[in-house]
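Asker: Keeping their order, the protein sequence lines are chains F and S.
Taking this note's numbering, I'd label the letters of the first sequence as residues 172 to 297.
Taking this note's numbering, I'd label the letters of the second sequence as residues 172 to 297.
Each statement offered as a hint is correct.
Each computed DSS-like pair below joins lysine-lysine, with the alpha-carbon atoms no more than 27 Å apart:
id, chain 1, residue 1, chain 2, residue 2
1, S, K181, F, K232
2, S, K294, F, K272
3, F, K272, S, K286
4, S, K290, F, K272
5, S, K290, S, K187
6, S, K232, F, K181
7, F, K294, S, K272
8, S, K181, F, K231
9, F, K224, F, K272
10, F, K232, F, K272
11, F, K286, S, K187
12, S, K272, F, K187
13, F, K232, S, K187
14, F, K286, S, K290
15, F, K187, F, K286
16, S, K187, F, K272
17, F, K286, S, K286
18, S, K272, F, K181
19, S, K272, S, K215
20, F, K221, F, K231
21, F, K286, S, K272
22, F, K187, S, K232
23, F, K181, F, K286
24, S, K286, F, K187
25, F, K294, S, K286
26, F, K272, S, K181
27, F, K221, F, K272
Since the hints were derived computationally from the structure, they do not count as laboratory data.
2 protein chains.
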Amino acid sequence: MSTNINHILKTTGSYKIAGTLWVEYIGERCFGPGRMELLQLIDKTGSINKAAKEMGMSYKKALGMITALNLQMNQTLVITQTGGESGGGSSLSDAAFALMKYHVDLRLRFQTFLKSETKLLLKSQL
Amino acid sequence: MSTNINHILKTTGSYKIAGTLWVEYIGERCFGPGRMELLQLIDKTGSINKAAKEMGMSYKKALGMITALNLQMNQTLVITQTGGESGGGSSLSDAAFALMKYHVDLRLRFQTFLKSETKLLLKSQL
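Extracted from the complex, chain F is given alone in its bound form (with noise of 0.2 Å):
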């Protein structure tokens, strides 16, 4: 069932159907559009300081979310190496490339449903 609410929507400019989706873990929140992009980027530049930094985070911030999340899940996500001869950094799991993974093909269903909610909201107009 959809109400038509086309009759109230401007003719000029644009409307569509916008959102955000997140995985819960015993009603909170455990795996969204930003601890995605903070794997992305510890992958990217092998430190969760570096991370961090990019996504105008602290250190603190970022290694909560971490800590967070691998006590969410079954497995280790973030593999963290201290000293050595590279001076430690840190790596991601197979466990988190799998959860990357299955967060992109989330996204595009998504991305599906909200085309389809714009396309409906607009039907008449177009």
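Since the structure of chain F is already known, use the hints to place chain S on it.
Answerer: Using the frame of chain F, we list chain S on its own:
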């Protein structure tokens, strides 16, 4: 296509896909859960001030939200009467009721999407 991440989910506790939606006009949020609640409370209380209080926001902020919404749509959504025997007050236009009905329907379709995504996420856990 769906990537299965079941192996990285805990078997205890519950996961679900959650999210939020809104209508955008020229790239700006114009109608989502917040404005929906505001309209519902104006309808209930007959007053922007009372509605704002129930939402824990200032009258000024609520008025700003309504002014913006009125500008983003083709029709006036909140009708404010000043003075008079009844001492003024605010009520919703037919356009506002149509918008609210649309929003309820949209949310129902979104809930269906979220449920189906949650099912997909947990598929091999069942």
